[in-house]
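**Q** Each protein sequence line maps, in turn, to chains A and B.
Using full-length UniProt numbering, count along the first sequence one by one with no gaps and you end on 216.
Using full-length UniProt numbering, count along the second sequence one by one with no gaps and you end on 240.
Because the hints were derived from the structure by calculation, they are not lab data.
All the given hints hold, so there is nothing to weed out.
The calculated DSSO-like cross-link candidates involving lysine-lysine, where the alpha carbons are at most 30 Å apart (straight line), are:
id, chain 1, residue 1, chain 2, residue 2
1, B, 104, A, 89
2, B, 21, A, 122
3, B, 240, B, 3
4, A, 145, A, 122
5, A, 93, B, 104
6, A, 145, B, 21
7, B, 201, B, 104
8, B, 201, B, 3
9, A, 93, A, 30
10, A, 122, B, 240
11, A, 30, A, 89
12, B, 240, A, 145
13, B, 3, B, 21
14, B, 201, B, 162
15, B, 201, B, 165
Keep in mind it's a predicted model, so treat the numbers as computed, not measured.
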Amino acid sequence: MTAFIRTESELNEELAIVDETILAGDGWMKVLEPGQVLRIVDLEGNQAADTLFFDADNRDDHYSAVATIAGQGNIYLTTGSVLRAESGKPLVKIVADTCGRHDTVGGSCSAESNTVRYAHDKLSMHNCRDTFMLQLARHDGGYTKRDLAPNVNFFMNVPVTPDGGLTFADGVSAPGCYVEMAAIARTTVLISNCPQLNNPCNAYNPTPIRVLIWNP
Amino acid sequence: MTKLWSTTIAPGGKWSGVLAKGRLLTFTALQDDANLAVMLFNAHDLTERYNMPDTLKAQYTARLTRGNVLMSDNGRVLASIVEDDLGWHDTICGVTTREGTDAKYGATNYQTVRNDWLRSGYENFAVELVRCGLGVRDLGPVVNLFAKTACNEEGVMIYDTKHCKEGSQVTLRTDMDVLIVLSNTPNPLNPSTVYPTAAVKLDVEIAPAFQPETDYCYRYRGENRRAFENTETYHLLAGK
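One chain only, chain B, in its complex shape:
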């Protein structure tokens, strides 16, 4: 594996960029209780994007961990979770809004507190989506890396405050050329009344050659195999 690049996404921070197929993205929580919201798009066709229901239904799960793939609305694999320390990443609770952020952590603004102004996930994504030629109409469910949000028999959602420890890691492999948008903003269900301050490090490497016959994510379920086959057909026809 060849190390290509690293960055650290500060609390409240955001980042977007294009990553080629065959990259390994290792995310490391630099403190306890991190939450990094992730959206994925096909870099060559931004109307194709991560689809939470298709991903969950096909893999009969309401949480994401190693073996799971992140499927697009066109039945293809955008990325796979190839390593995971945590066993649970949330994809059903979305991002924070300005109103929610002010209500939970107290109103802040740039004029008064300068760069201590607290960011919201909705605004971070709005900025990055517009930057990339998209807009708020393109918002949808994100993957909240590092967050565990379970529900009880009554459907009540419970955020696990002890889930993510400093040093926890999860690694995604890009299986298509993707636009990735990141927002290091709190999970909406995090009960903390103090804005979380966990930075997240991102290390990008070149992934080993994809070997379907031994690949854990490809072999995880028949549904995953068919999604990879759809991706292969797309690349074959597009000459990629």
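Only chain A is shown next, with the shape it has when bound in the complex:
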């Protein structure tokens, strides 16, 4: 595996101010204050945590996969990656990573993309974009579908080859692997713990993730 900067965290779980489990198919939305650190733990391995970020002080400025890629000149996310908004504004920085690969070009599953990728009768299945929209509906922030830009898939392995191929490889994550990011700006985090049952990367078995937050 290349482009992986393995970094373990020194933070103590017992000092976290938030420690929650998000079951597969569930969503989560919370604001990080500058300096706060968010850890996402892949509890059972090879789960995808589909995650979006918004500038909490300007919700129109959402996470941008392309600004993040262009900003660092690299397609993969790992320790040191700065996740940027469309304007180029840095939102969070990855400060620890024990997984090895996090995808930012594969986006999330949706009812409609499932019909395209698998079969028309997959329309009714649970999917990440529905989870995102349910969270947006519950959140009093005026967000709509327009705000759902392409997201990060923490723990997902989507290799891009030098000749422009794109594949879905077996996950490189394992039980207990985690990624940790520090908020640079006030940042709203929106997570869908992926319920995808059509993709062999999680052995057709979506599993829980754990989220922890520490104050600076």
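Start from chain A and add chain B according to the hints.
**A** Below, chain B without anything else, positioned relative to chain A:
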């Protein structure tokens, strides 16, 4: 094919407009090293727009060329790439910002240099999106026509400075009524320290009747066929 209209998008220029289903849009690079950023929306429902991940995942590719279709976030085909001289168009590197443009090419402003003020992709799109009733929240990945941005095994992105030659062409066919937004601004990864000056010509024609049984893009993969079927259902139900 009936020729309808032509325009030239100058370096730094922008354009937006509605194009009906069944139009052929031929883009021609008038100099080497062109880059034209393109965004697409459903003209009748602007919340439906080009979705880079859905497009790439469904077609197992990180680059765009003939045969590929540009899918919306609703699983439909907004447009298809029906002809292509280049074999690679970028959709993962986005557009330039004001800060990036000033840092790379030197700060400019209108007060000093008038129309030689260098434009950024973010600002061009911001203007056109607001013009069309949208806003910067609607920004997302664009298709950068004419640009090749590959990555090596380490994930390092490499911009191919020799990729696009003067006269290179790519042709999109609209498969829905679309709002298209164009910005002729540099690819963010273009290493040139001089602002690129390639104009791009756009010729619009009426496309031949769509024939699914022989259409290269429709037959390219099962995923493409299902996306076209979703589009057909949409048009059937909407009476279009």
